[in-house]
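This is what each chain is made of:
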Amino acid sequence: MSSVEHIKEGRSRPSFPLSLLPLVFGRATPGAGSPAILALLMLPGLIIVAAFFAIPMALVAMRVADGPDGLATYFVILTNERYLASLIQTLVMSGGVTVTALILCGICGLFLVRNRFAGRNVITALLTLPLSFPGTVVGFMVIMLAGRQGVIGSVTDALWGEKIVFAYEITGLFVGYLYFSIPRVILAVMASAEKLDPQLEEAARSLGAPTWRVVKDVILPGLMPGLVSSGAICFATAMGAFGTAFTLATDIDVLPMVIYTEFTRNANIAVAAALSIALGAMTWAVLAAVRVFVGNGATSGTGGGA
Amino acid sequence: MSTQIRLRNCAKTFADGTRALAPFDLTIEGGETIVLLGPSGCGKTTILRMIAGLEFSDAGGVISFDGDDVTRQSIEKRRVGMVFQSYALFPNMTVAENVAYGLKVHGVPGKERDARVDAMLEMMHIDMLADRRIDQLSGGQRQRVALARAIAVQPRVLLLDEPLTALDAKLRVRLRTEINALLRKLGITAVYVTHDQEEAMALGDRIVVMQKGEIAQIGTPREIYRKPQNPFVADFVGAANRMTGQMRDGRLHIGAHVFDAVDAFDPRHGAIIDQGAVELYFRADGLSPCDLDEAHFTGRVEAVSYLGERLRLTVSGIGPQAVTIDTHADDVIETGADVHCRVNADRLTVFPAVAAHS
Numbered sequence: 001m002s003s004v005e006h007i008k009e010g011r012s013r014p015s016f017p018l019s020l021l022p023l024v025f026g027r028a029t030p031g032a033g034s035p036a037i038l039a040l041l042m043l044p045g046l047i048i049v050a051a052f053f054a055i056p057m058a059l060v061a062m063r064v065a066d067g068p069d070g071l072a073t074y075f076v077i078l079t080n081e082r083y084l085a086s087l088i089q090t091l092v093m094s095g096g097v098t099v100t101a102l103i104l105c106g107i108c109g110l111f112l113v114r115n116r117f118a119g120r121n122v123i124t125a126l127l128t129l130p131l132s133f134p135g136t137v138v139g140f141m142v143i144m145l146a147g148r149q150g151v152i153g154s155v156t157d158a159l160w161g162e163k164i165v166f167a168y169e170i171t172g173l174f175v176g177y178l179y180f181s182i183p184r185v186i187l188a189v190m191a192s193a194e195k196l197d198p199q200l201e202e203a204a205r206s207l208g209a210p211t212w213r214v215v216k217d218v219i220l221p222g223l224m225p226g227l228v229s230s231g232a233i234c235f236a237t238a239m240g241a242f243g244t245a246f247t248l249a250t251d252i253d254v255l256p257m258v259i260y261t262e263f264t265r266n267a268n269i270a271v272a273a274a275l276s277i278a279l280g281a282m283t284w285a286v287l288a289a290v291r292v293f294v295g296n297g298a299t300s301g302t303g304g305g306a
Numbered sequence: 307m308s309t310q311i312r313l314r315n316c317a318k319t320f321a322d323g324t325r326a327l328a329p330f331d332l333t334i335e336g337g338e339t340i341v342l343l344g345p346s347g348c349g350k351t352t353i354l355r356m357i358a359g360l361e362f363s364d365a366g367g368v369i370s371f372d373g374d375d376v377t378r379q380s381i382e383k384r385r386v387g388m389v390f391q392s393y394a395l396f397p398n399m400t401v402a403e404n405v406a407y408g409l410k411v412h413g414v415p416g417k418e419r420d421a422r423v424d425a426m427l428e429m430m431h432i433d434m435l436a437d438r439r440i441d442q443l444s445g446g447q448r449q450r451v452a453l454a455r456a457i458a459v460q461p462r463v464l465l466l467d468e469p470l471t472a473l474d475a476k477l478r479v480r481l482r483t484e485i486n487a488l489l490r491k492l493g494i495t496a497v498y499v500t501h502d503q504e505e506a507m508a509l510g511d512r513i514v515v516m517q518k519g520e521i522a523q524i525g526t527p528r529e530i531y532r533k534p535q536n537p538f539v540a541d542f543v544g545a546a547n548r549m550t551g552q553m554r555d556g557r558l559h560i561g562a563h564v565f566d567a568v569d570a571f572d573p574r575h576g577a578i579i580d581q582g583a584v585e586l587y588f589r590a591d592g593l594s595p596c597d598l599d600e601a602h603f604t605g606r607v608e609a610v611s612y613l614g615e616r617l618r619l620t621v622s623g624i625g626p627q628a629v630t631i632d633t634h635a636d637d638v639i640e641t642g643a644d645v646h647c648r649v650n651a652d653r654l655t656v657f658p659a660v661a662a663h664s
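In the order they appear, the protein sequences are chains A and B. So in the numbering used here, the last one in the first sequence is 306, and the numbering has no gaps at all. So in the numbering used here, the last one in the second sequence is 664, and the numbering has no gaps at all.
Honestly, I wouldn't trust all of these hints.
Stated by the list, open to error - Subject to a maximum C-alpha distance of 30 Å in a straight line, what follows is the list of computed DSSO-like cross-link-like pairs (lysine-lysine):
#1 K383(B) with K195(A)
#2 K216(A) with K417(B)
#3 K518(B) with K533(B)
#4 K491(B) with K476(B)
#5 K491(B) with K195(A)
#6 K383(B) with K491(B)
#7 K163(A) with K195(A)
#8 K216(A) with K383(B)
#9 K491(B) with K410(B)
#10 K410(B) with K383(B)
#11 K410(B) with K216(A)
#12 K491(B) with K417(B)
#13 K491(B) with K518(B)
Unchecked claim - If we take Cβ atoms under 8 Å as the criterion, some of the chain A residues that face chain B in the derived model are:
#14 I107
#15 E169
#16 L187
#17 A191
#18 A193
#19 Q199
#20 S206
#21 L207
#22 G208
#23 A209
#24 K216
#25 D217
#26 A267
Claimed, not checked - Some, not all, of what chain A presents toward chain B, calculated at C-beta under 10 Å:
#27 L145
#28 A203
#29 A204
#30 R205
#31 P221
#32 G222
By construction, these hints were calculated from the structure, which means they are not laboratory data. Glycine residues also receive a C-beta, built at the ideal position from the N, C-alpha and C atoms.
From just these sequences and the hints, can you work out the full model?
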């Protein structure tokens, strides 16, 4: 791994009008970027922020304030047993899906990068296939696997005379989200693993490090940027995904389902809005905490190798 | 105290059947610096990795450190220090943490560890960099950290794989001198891989010249330089000029000229070459420019390069290919001019001619 290669990689993105590059990346020489042009270039960003973030969030927040309990609605969702349980359940499940996906894909991704064997490309393609599946389809597949007529049920029925069915509950949702998350994490792990310098591992081993230490001190720090970014996407998706849950059952108490029920059936718009804000805030808080916690390792991991 | 390394009947065939190394024996004495020299793909790095325990010899090979059989031992048990061309420093650790890593793995307690790290950093003149991150260091500083890290654990052998290749020429020479001093000071057994002849000469107690997976010659720098045992070694260590001649009754004939004082001992066959066609390999000092009446040959100057202390001419019309000849730096010689020169027969290395050119 030479630093020259890194620099070359970094520079090879010419699919952008070259004259605009210095403006966009803020290296404009005085006079080159007049205020009007700079304002124009900032406009798309402002529109996106306004249309997809600031305005909807403000509207939702106002809905909470307009409700029967006013701002106390936030207090209600935290004290009401059902809402709180749903919050915690969603958080735990999403965290569980993320951790499981990271472990599974960490091992699989590393294995696929390090080993060459017949059928390797097919396996990689199959593992990344769910990228293109909508949540509803994933839900349907979970039912085929673990539903009342599912494969697992039939097999356990034949073996022990007892049908194991877990498609219509949180376990089914867990499996569905895991399936959904694997391609994203595995691709990120494979991308990071390709960049690992094998000589770093050899250096660690020459210094006497046994395998577990090499994994802890060299491989994991190297994979960390990929694990953090894909884990964040995985977590956020699991927190908010709705299609799969809706396909499996309407009474799984994950937050998106509760929001949906409060909004459509109970017309409890203030609570639905407060829960939405809480869902967003929690997801953001967890992601921010992870970034702070592993931030140092992640950044120095990407900067290395040269 | 220093470890003697013996490789017996070691060979390497890769999974796809290509032979990287033909069976060979090599003994590296305790405290000796051995340089493995050769072009890329000659197998020098494979030998280094075998000693390290990163590659295993084909069945039948035995590697021992001071008589302990380490053939099947993995690298983490062998206590070897490694220095790589790419430095291979841990990017998630500071300079001091890198140097401390091996000590930490070996369970050296905190206080002793800190003292050892400080001593290492001081020895490599990088004590002021202790808390820096790796990406804040220059190439030369990185390689110093890598050396400090490798020797901190007091390895039985230090293995250096082209450690200076990524550095610029000036720094390369300076660090080479430092490494040389370090190896003498530590008295550690060292194996150094390079493709650079000058580096090999400067560092090695002995040099192993490698060609296509075989050892072409083992010898001191002086032996390799002055007495190359075959055309490959001669060519690789800089005697790249070639002429053809005939040996008749122990005397060398080149064209119409006859030379007496020729060292025509052929080490491969252990005999003096007495008769037959020969190939003569020599450096720029094998021919010297002279006046017409003393000259053996006259050639035509194809190119002139000014090297500061001398002028190097590329001359055609003397050997089968153009030869290089050195002359005084102050001489004024134009491209296209004729140059007369005489043969310094004692500077020629004589090999039996190969029947067909391969």
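Which of the listed hints are not met by the structure? 5, 7, 13, 14, 15, 16, 17, 18, 24, 26 and 27
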